[in-house]
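Starting from the given sequences, assemble the full structure and let the hints guide the process.
Residues per chain, in single letters:
Protein chains: 2
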Amino acid sequence: MERTTVEKVSLWVKHAKVFNSYLKKFEEADVAVKGERFYYIDRKRELSFEAAEVLDAQGKYMIPGFIDIHMHIESSMITPLAMAECLAANGVTTIVSEPHEMANVKGVRGVEEMIRAGKDAPIDIYYGIPSSVPSTSEELETTGGVIDFPAMKGLLDHREVACVGEVMNYRQVIRENHLEISKFLDYVRAKRPDLPVEGHCPSLEDLELARFLYLGIDADHTEHDLEEVRQRLENGMFFEIQDKMLKPEILAYIRENNLYEYCAFVTDDTMADSLIEEGHLNAVVEKAVAFGFPLEQAVYCATYTPARRMHLTNRGAIAPGKLADFQLLEDVRHFCPALVFKSGRQIYRKGEKAERKSGYEFPRDFYESVRITDEQIQSLFAIKAPKDEGKVTVRVIENFPDCTQTHERLVEMPVRNGRICWQESGCILGAVFERHGKNHTVGIGFFSGSCHGEGTVATTYCHDHHNLLVAGDDPEDMASAVRRIVEMQGGYVVIKDGRILAELPLPVGGILSDHPAKEIGAKLKQVRLAMESLGYVHENPIMSFSCLGLPVSPELKLTNFGLIDVKNRRRVSLTVS
Amino acid sequence: MERTTVEKVSLWVKHAKVFNSYLKKFEEADVAVKGERFYYIDRKRELSFEAAEVLDAQGKYMIPGFIDIHMHIESSMITPLAMAECLAANGVTTIVSEPHEMANVKGVRGVEEMIRAGKDAPIDIYYGIPSSVPSTSEELETTGGVIDFPAMKGLLDHREVACVGEVMNYRQVIRENHLEISKFLDYVRAKRPDLPVEGHCPSLEDLELARFLYLGIDADHTEHDLEEVRQRLENGMFFEIQDKMLKPEILAYIRENNLYEYCAFVTDDTMADSLIEEGHLNAVVEKAVAFGFPLEQAVYCATYTPARRMHLTNRGAIAPGKLADFQLLEDVRHFCPALVFKSGRQIYRKGEKAERKSGYEFPRDFYESVRITDEQIQSLFAIKAPKDEGKVTVRVIENFPDCTQTHERLVEMPVRNGRICWQESGCILGAVFERHGKNHTVGIGFFSGSCHGEGTVATTYCHDHHNLLVAGDDPEDMASAVRRIVEMQGGYVVIKDGRILAELPLPVGGILSDHPAKEIGAKLKQVRLAMESLGYVHENPIMSFSCLGLPVSPELKLTNFGLIDVKNRRRVSLTVS
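Note that the protein sequences, when read in sequence, are chains A and B. Heads up: the first sequence begins at -1 in the numbering used here, then just goes up one per residue. Heads up: the second sequence begins at -1 in the numbering used here, then just goes up one per residue.
Quick caveat, the hints were computed from the structure, so don't treat them as lab data. Glycine residues also receive a C-beta, built at the ideal position from the N, C-alpha and C atoms. Among the hints, a few may not be true.
Heads up, simulated SDA-like pairs for lysine to any residue below, C-alpha to C-alpha not over 20 Å straight-line [to be verified]:
| hint | chain 1 | residue 1 | chain 2 | residue 2 |
| --- | --- | --- | --- | --- |
| 1 | B | 23 | A | 253 |
| 2 | B | 23 | A | 189 |
| 3 | A | 42 | B | 206 |
| 4 | A | 189 | B | 157 |
| 5 | B | 22 | A | 254 |
| 6 | B | 189 | A | 193 |
| 7 | A | 151 | B | 157 |
| 8 | B | 189 | A | 158 |
| 9 | A | 117 | B | 187 |
Counterexamples of contact, computed for chain B against chain A with all Cβ distances above 12 Å [said to hold, decoys possible]:
| hint | residue |
| --- | --- |
| 10 | 54 |
| 11 | 190 |
| 12 | 216 |
| 13 | 288 |
| 14 | 372 |
| 15 | 374 |
| 16 | 379 |
| 17 | 408 |
| 18 | 415 |
| 19 | 487 |
So this is what it looks like as structure tokens:
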């Protein structure tokens, strides 16, 4: 066929199987890109362009870049730039990240620096406004920063803000309360009713679910059974499907009721090592397809519906005028892109090393955020009892291999010279050191169950306050671990008999590293293996350990103020009188 | 079944067949409303509320209030408050109106006063930013106001603004140009990429259509054949379905490809009399269902998809947290609501007279907008020829009964004493008087074809510049008609043999009345019948006449600068030399 050259374009992709998001099918076509945006989808393949770059797709599948609208960069413990580099390689070209971890460390500045840190990224990074910082209150945990109502309001001015981040205290907000987030939700409904508000409401049902929706919180990404999923979708809640939710009965329900328009795939939290080994949103899509989610709908729910949910209406489809964010795939059972383009520019080619973006550095104080006194460390060596001699009944945090929730277990321990002799109890000692320099408190507790039975593990990655958590069988090793973490200014360390088995420095706010993801992933894996070698039994020991200090997840947790009875939202004493 | 009273709500609707927008089906349920928003959809009908108002729906159908996202209030020649009252009675609870008519008369102030005028309305009125005022340029027509780039930018600050109004000069914007709207589109893409931009692009196809979409203009509501509709939907253009587009082959295409998500019903222009006699968006929905559009999808495309298109995500469904905008229907073949609620408050009950909202008055100068000089009127009595005696060939505007486009027809007319003797030519005399007080120009032309062959018709409702258009067979009557219009400060008048056959005062900016819609509808109908009695042949003589001065609709039109050759965008002389 004779073709007439019509005009200049920047990129001309020829011979592709192009995904049409509206018809939900693949079409043989040539695609012209002009600058940042798609220009023309030539389904008849009859026009010719004078292109600065011609790309022969050789029949490859061309789909939009993936869009992950519910995730937390900090979960991967790397900085936005390093994260973006990884995401590009996995075909993800837009994310909405909620930086509540950094907000817990550095408050509004933490959020703003995360935004700044992502500005030069090869992909587009949008943010959710952290709505639950601290996760409970300043009476139950000490955080480095607090995001109150004025702070949330102020964050609305950033054009990178796409939504209100997940409202996590879901049982509180639906009752009479004076929470900062409730004031903010009132404000958003009145002034910005178009702004999406992300939710977090596992097990909420019926009238309680309606009360949550009534506040304008209309998405959920947590884990559910079919009945809960059904109630969410029928009541207009946007359903964000994470990996764990790819259950046959849920997929069948979505398919039978044609509910794809109200669903999107998300990752929520991705550990650095699984990011390197398994991938990201592409892994969720791949699993969904393998489990029977129709291919075209799976691509749709990873591109079009998430863009629309966040009102990022200038992307999510290969169509004239949309941002030229796309990936070329050899086959559509494995979402490992051969090439990835963002806004018309190539950002990844399989087998080629990515050009590392740099330039941004977090402010100095972000690298000096772990402050522990000697006096705090000394508290490991003498656990005071309420009596001088005899026995005490101690509240112990019982840990389980299949969840991050804990139980309270009562254990008798001997007392000598006014100190608890815990060493023979079968429990390990735990401590949370306030490290933001606010009150130098130390919370003391004991762990049993599926945690490591010997050796020491310590980290500043301790949800959500990110104080320093250490747990072990030997106070000397524990003190060394704390000192090592202070030296690294944050991270993980695993010690046994005075020897460091594994460590991962996280010097940015004590929770992130600015090294490449691959290096972090490898080191995190070493930490994981070391924890397992000490007897830690959990599908994700890193996550399990980091949640031992999370005072919103039941039942008994440890913060810098000591033991927290989560259900009753109060501190409780170490010993039962 | 025993019910437990759980709490106080403001309204409790019992025994309704409630439309579920997500499952696209009706469900037996009770619905609790708390203040402005839906609170709980009780599908099990097991809860009891202490309700300030209990409404027994007696099995009626309960559907969301209709949402019309592409319409122009001024087309109905009534003010926003009167319009809202009518819309409420038709089940329409939210509209997005584009006030480019008032903008042509009063510029930015016209837009702002329309916004202000709608603030107390019983329904929600949002606005599009007029993007084509004037429709051509100040060389081809004189308007009362101009909306340039800074003006458009300024209008973005109004929270009632939901979109950029239809970009009408579609052939110009896709070419190299210096249009104000092009500057504004660049700005919107850079700064507000989430803002919907409405289009207007009849017959645009293939690469030209892509060029239009490439600018970020991604909706169209104009008339098309199936191929054009197909191209729009496949390329991601939102398809706004007006009455005329309810063709079997188009409905079949949407159904077979399940494209409901990318469609919404709209009205665009509704004449005051058909508003009273036939209804509004409800009439379009009713016709669609009658023509085979599935009922549930028809309701969906008149509620959910239009809300989402405009990012009015707090409405469009009966679900917890959404605005309680709903209507109760006896049956779903006839969309004549028995009751209509907006934000939880009743705004219409069949058979009850609506309480008239008032309070708002347009500023004084809006009632003093028709300024014509005696000298202008005198020009009707002597149509100058380029010679003293003999014959001239005159360009005549040939009008047709089935469209608003015209042709140029050449007619020979005798000349005496330097004046054209047109009276025996079979043509009528036409004149457009600049009436905004800017340059007092008069454009002279002749009409033939399907216009009235005798008598005089005059109006200030003359697209889009809204200067005073008069056409007739007798200069004396024509002068009287002009004087009468000036007395009324705008409107329509039909005169025969010195006698007024019908008239409609439109004193607000010369294009609207602040009287009730019913009165305006009745008077407009009289004008329509009077025009027909004078021989005007058209399916809509009002629209046909008002478009004789519209210089964007081909081929030959009349403005205050005389004849305009629309295709070549230039003035042409009355006589051919």
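For this structure, which hints from the list above don't hold up? 2, 11 and 12
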